[in-house]
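Residue-level listing of the chains:
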Amino acid sequence: MRGMNVVVAAAVTLAASAPSGGQPTSPNSGRSLAATCSNCHGTNGVSVGEVVSLAGRPKDDIVRKMQDFKAGRLSGTIMPQLAKGFTDAQIDLVAAWFAAQPSK
Amino acid sequence: MGTARRDFLKAVGRASALVGSLGNSLPTSLAASLGASFPTIARAATVAPSSAKVVVVGGGYGGATAARYIRMWSAGRVDVTLVEPNLDFVSCPMSNLVLGGSRTLADITVGYDNLVRRDGVRLIRDTATAVDPDKRVVKLARGEDVPYDRLVLSPGVDFMWDELPALDNPAAQDAILHAYKAGPQTAALRRQLEAMPDGGMFVLSIPVAPYRCPPAPYERACQVAWYFKRAKPKSKVLILDGNADVTSKGPLFKKAWSEEYSGIVEYRPNYALTDVDVATRTAKFEVQDNVRAAVLNVIPPQRASGIARSAGVVTANGRWCDVDFVTFESVKVKNVHVLGDAIQPATLMPKSGHMANQHAKICAAAVVALLTGEAPNPEPVLTNACYSFITDKDAVHVCSVHQYDKDKKTMLPVQGSGGLSPAMSELEGRYAWNWAKNVWADMVG
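If you read the sequences in order, they're chains A and B. Letter 85 of the first sequence, counting from 1, is numbered 85 in my numbering, and no numbers are missing. Letter 270 of the second sequence, counting from 1, is numbered 270 in my numbering, and no numbers are missing.
Don't read these hints as lab results, they were simulated from the structure. Bear in mind the structure is a predicted one, so any value in this text is a computation, not a measurement. Any given hint could turn out to be false.
[Claimed, not checked] Coverage of chain A stretches by chain B, computed from C-beta distances (three or more under 8 Å per stretch; other residues unrestricted): (1) 27-35; (2) 38-45; (3) 48-62; (4) 70-82; (5) 85-99.
[What the hints assert, rightly or not] Here chain A is said to cover these stretches of chain B; the calculated rule only asks that three of the stretch's residues, wherever they fall, bring their Cβ under 8 Å from a Cβ of chain A: (6) 288-300; (7) 326-336; (8) 400-412; (9) 421-433; (10) 437-443.
[Said to hold, decoys possible] If you want a taste of the chain B side facing chain A, the calculated C-beta under 7 Å gives, among others: (11) Q185; (12) A188; (13) N357; (14) H397; (15) S417; (16) G418.
Backbone N, C-alpha and C fix where the C-beta goes; we use that ideal spot for every residue, glycine too.
Looking at chain A on its own, in the form it has when it is part of the complex (with noise of 0.2 Å):
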């Protein structure tokens, strides 16, 4: 039953967050934002490769290093280029995302 449980709990939180009309991002912004992430870090946050897990990690840890690595005062070779191109909003839904998520 486990399963279903699951299953229905989604479903009634998909509904109760779905916007009433105006609002400016749709119910699954975080989940489609941490979608691109994915090539590097994993299905769902969960890597496996090399480059960290980003499932599970607390909100505020994956918020500061994504705005270190936008405003340069963190190095790397790819994340300060990409961290550049998401605005503070969508750093923030996606982070949310990833905090949500199981780390397995």
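Model the placement of chain B on the given structure of chain A, informed by the hints.
Just chain B now, kept in the frame of chain A:
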């Protein structure tokens, strides 16, 4: 089917009558299957549940990802059928390392088992030969007709052999190889390189852009040069580019050719190939003299694969498919979505495997939303990250971020974001393999 799943379907059935009133424009089966997202419905009458049907054509970076994510994001409520003739997925990205000899085809091959067993995708090993968008049916080579509510085409490219008359037959294509679809052609070109006597010249012809994976030919030149440097030091790599300059990562590749592969690689721009002589492995050009090769590798000009023409979605220059970037639905044919190399991209969106995977996730989210009567995400975002190997271990990258512009109705690269590696590095070579492992897992598991 487990108890939980049966109970869930019963609940969905009870819910469906109420949802039906919300979803007149949806396939009925679909509205029924969505019932559970509406918490108030559990009291309504019983209707036999069934699911919306999505057919995906092509199991590469775009199609396999779309198949998986539609199953995942619909929590298994949308039926997905994937039509793919190949037994396994063989990656084009990384395949130049097989030509260089530092990797094998086995290293870049992944089966479709997880997509079937874990994700519940129905896999049909066949070729889609035609689409009837009015009847919403895909016809397969062996005769089956597969109906769909929404169709996702991720068919890749066909080579335009008619532009190279001497290569417009299978025997010629087995002799002068493209190796631009990974698999048997990759292995065959590797064998030609191994059989070539030292002192020979490998000639690589690059078509005028747009073509799939802009940096791939230049990476190929590096990988063949890497092999020659170690195994056949008197041999040369001659790049004859149909374009006026290197189309991607130019400064990084040119640095590699003048330093790492000095005396091995020569680059010549503006070489527009008109035909070849198969027997003598000679390339012929619009302007310049013929060039005879020990191994001649012709990357032909490309267009969206034939199934896209059958579906009526080829709208740009008779070659590519224009899509609405919010859904990746064809601008011309309703209920048909197009992904990957076959689309007409927005500015600075390359035809890359990474991009195809990202198209697929925007499309999957939109397809699930549309099938459940919701609005698609109006602000899709996608990224590109593309690694090229200079040696067997050192790589460079190019990357970008693209946000949807509602006014211009297109994807725009974000100013100030993205860029190139400052120089090749072993760290980026490791990150390139991390990318491959994660994106392959993201697609097929």
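Run the structure past the numbered hints and jot down the numbers of the failing ones, going up.
6, 7, 11, 12
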